[in-house]
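**Q** Chains as they are written, first to last, in our numbering: chain A, 1 to 304; chain B, 1001 to 1459.
Since the hints were made in silico from the structure, they are not lab data. Values in this document were obtained by computation on a predicted structure and should not be read as measured data. Mixed in with the good hints, there may be bad ones.
Label-pair distances were calculated between CB atoms; the ranges are [to be verified]:
1) B/Phe-1159 - A/Asp-246: 55 to 63 angstroms
2) B/Val-1276 - A/Asp-78: 22 to 30 angstroms
3) A/Ile-154 - B/Phe-1272: 37 to 45 angstroms
4) A/Asn-161 - B/Val-1270: 48 to 56 angstroms
5) A/Asp-193 - B/Val-1231: 34 to 42 angstroms
Yeah, the Cβ is synthetic: ideal placement off N, Cα and C, and Gly gets one too.
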Amino acid sequence: MRTPQTILIACAMAVLALASTSSAQITEYQEQQNLGVEAHVGRLTGHAKDAEINYRRYCAGCHGNQGDGEGENAMWLDPKPRNFTLAQFKCRSTPTGSLPTDADLYDTVGRGVQSSNMPSWNPLSDQQRVDLVAYVKHFSDRWKTDKPGEAIPIPPEPAVNAERIKSGQVLFQKLECWKCHGVEGRANGPSADTLTDDQNRPIKPFNFHDQTKFKCGTADSDLYRIFMTGLDGTPMPSFADNVKPDEAWDLVFYLRTLQPQHSKEKEIAEQLGLKPINPNAAVAPAEAPAPAPAPAQNNENKPQ
Amino acid sequence: MVSARRSLTGLLLFVGFLLSFSNSANALPAFARKYGLRCSACHEAWPMLNYFGQKFKDNGYQLMNDRDSPVWQNPSYWPVTFRMTPSWHRESTDKITYDTPGGTPGLRRLTSSGFDYGGLDILSAGTLEKNISFQIIPASDELGAFHIEAVNARLDNVFNSPWLNFKMGKFELDNLVSEKRGLTLSANGGGYNIYHFVPVGDGNIFGQIGDNQVGMEWLGHSANDRTRLSVAILSSTDGNPDLPYGSNSYSAFFTGSHAFNVGKLGTDRVGFYAMVGQAPTTYLTDSSSGVPVLLPSSGLGNKGFSREGFVGLFYFGKLDFQVVTQHGSDSKWFGAGYGDLIDGIATGNNTPGTVLPAGARNPTWNGAFVETHWVQNPQLIFFQRSEWIRMSQQAIPGTAGNFGNIDNYVFGYRYYPFMNSRAGFAWHNEYGWLKGYGLAPDGSDLTSNSLMLGFDFDF
Chain A
1 MRTPQTILIA CAMAVLALAS TSSAQITEYQ EQQNLGVEAH VGRLTGHAKD AEINYRRYCA
61 GCHGNQGDGE GENAMWLDPK PRNFTLAQFK CRSTPTGSLP TDADLYDTVG RGVQSSNMPS
121 WNPLSDQQRV DLVAYVKHFS DRWKTDKPGE AIPIPPEPAV NAERIKSGQV LFQKLECWKC
181 HGVEGRANGP SADTLTDDQN RPIKPFNFHD QTKFKCGTAD SDLYRIFMTG LDGTPMPSFA
241 DNVKPDEAWD LVFYLRTLQP QHSKEKEIAE QLGLKPINPN AAVAPAEAPA PAPAPAQNNE
301 NKPQ
Chain B
1001 MVSARRSLTG LLLFVGFLLS FSNSANALPA FARKYGLRCS ACHEAWPMLN YFGQKFKDNG
1061 YQLMNDRDSP VWQNPSYWPV TFRMTPSWHR ESTDKITYDT PGGTPGLRRL TSSGFDYGGL
1121 DILSAGTLEK NISFQIIPAS DELGAFHIEA VNARLDNVFN SPWLNFKMGK FELDNLVSEK
1181 RGLTLSANGG GYNIYHFVPV GDGNIFGQIG DNQVGMEWLG HSANDRTRLS VAILSSTDGN
1241 PDLPYGSNSY SAFFTGSHAF NVGKLGTDRV GFYAMVGQAP TTYLTDSSSG VPVLLPSSGL
1301 GNKGFSREGF VGLFYFGKLD FQVVTQHGSD SKWFGAGYGD LIDGIATGNN TPGTVLPAGA
1361 RNPTWNGAFV ETHWVQNPQL IFFQRSEWIR MSQQAIPGTA GNFGNIDNYV FGYRYYPFMN
1421 SRAGFAWHNE YGWLKGYGLA PDGSDLTSNS LMLGFDFDF
């Protein structure tokens, strides 16, 4: 007759067997990875090795155990999860083509990526998030050979006025933003349906008309940063070499008039009776810079 | 024989207590399917939530990423989850009465074991539109008798403020340590005793914070969910429909908590809860048929009760502690047996005009549990819970001071062989031991224990 003690001992043995199986998998995984990478954000230091379990828990389902963006959910997601092995990131404060800073990645983890399946992970502690940043970095050797670029400076935001909004509209036409984003920002420009990312997957331009939040933030400064750094891996190029800082703010103000939420810019645009641009209308060369060049990398699919 | 009657009542309560825990736990692969996240994203070990899952719940089952409205889903998406737990279990109680050949009742231990299955939970929840969410949980017992465990709709982020969320219907109270998402399942360890505690002979069933209640709740939280506050106004019906008790009795449930980072150890949370309310103690009867029949909704003589306590979630890397305390107090009318119909008859002490026993006073008690988890990894978790309830004042003078006290210890583990965003599956092994002071038929202590091995799955 089995006593309760016998049963308990059997259960305990089963527990030990299961635990040993599980730990063996972890050890095998750890041996394949370089987990000595660190991340530094403010006074926090993140360690990749400390994030392994949290990466499995929170991230691997989409980004994959190997960080290649091929988690079991990836096939169902649009846009696709980031492939960390390429070390190429949309949301950066650094120039196009360069690595982001650790703080850029930390901010993305905490903020999430709007209009994607990447949620805000701010319920995680600061330390857990900076550890995850280190873990993300450990997937690519590029972090060993390259250094993150210098953050692009963002000058203080000037006061908005009618002249700046009109100037921004001229820029919107001259830089040919409308070719992708559409003349009213509805993401329906003539190139919109042809866009692909650098892995040749279809990608849609941002719809200013319907959306209030950008992938890389919500503030005016975030919008400024987006077109000065570009969104690497997408057709959205950097305009840092084509637009002066003051002009960039003008463009920010004009883009705000296209968005649905109430804003001072929208109010001024309504007072001006601002009409959508006419792509066929000529713009005096002196009024705005030339269209932006294509991004440096993988530009075969980018709008010209 | 008052003492014999009270002992019998105690035994019945004790058994009922074990059977009353409803583990309609809310772990919904439907959410995982909708958002493409693994179960482990929201659950420290399902069904127990982690901070991310708590925030998701507090946001009205939304990730707040502009894809929360169902219009973003494939039309074939169906937000429904089924959960069941087939198991082998062994139950043992040390003192039960039985008839002997001589005709006198005897006492003996009763032990039984075998394969079994629990009830079925059908869990459906999600968004009707951005910032409008719902939850419906029909649940059945093992024989297929259904009841509505939860049904509510919620307005989320009113005026774009996370501090303005309103819910109406039948819902789980905002317990920081949720019994509905607890890890323990066995008959002697599956529920939190202090969430359901009623002193022996007490007629107040209305203060069970572990039971889903009917009412309306306001919940507010900071953007990152670090600070949470909620207030619920409830009908004092213990979650039963059709206002079967008093038609004008209400309770309120308050919670507040704040979480803070503790460096590499994680994020800790401390808070409080309180339930205060009134409920009827007597009922009108109608004897026109020759037998006194209680009139539904005729409850009279509202009397007060309260439950309050401290809650703490403390993390030390892979080890965490959940601590919940409680001080409870009932009106002496409840303590004397008024309130719910514990006698099951209409002519007992639940009709107007009866009087309190001499010296009756408000019963009070204190309780606490400490639940510990060791999260080896997202696929393996060990747990234990130790729980104690101590009467500090009995309603009827002369009653033994420790009569109705409870000790409960449970430990076990859950192993999840796989992690994905489609379904959950756990190998569950648990042992629970429960002792009720003075609750045996002969007035001595009554102990029982459970051993459970099972598959817990939902999809």
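**Q** Hint by hint, note whether the structure agrees.
**A** Okay, the hints, checked on the actual structure:
no., hint, result
1, B/Phe-1159 - A/Asp-246: 55 to 63 angstroms, "violated, 36 angstroms"
2, B/Val-1276 - A/Asp-78: 22 to 30 angstroms, "violated, 50 angstroms"
3, A/Ile-154 - B/Phe-1272: 37 to 45 angstroms, "holds, 44 angstroms"
4, A/Asn-161 - B/Val-1270: 48 to 56 angstroms, "holds, 50 angstroms"
5, A/Asp-193 - B/Val-1231: 34 to 42 angstroms, "violated, 51 angstroms"
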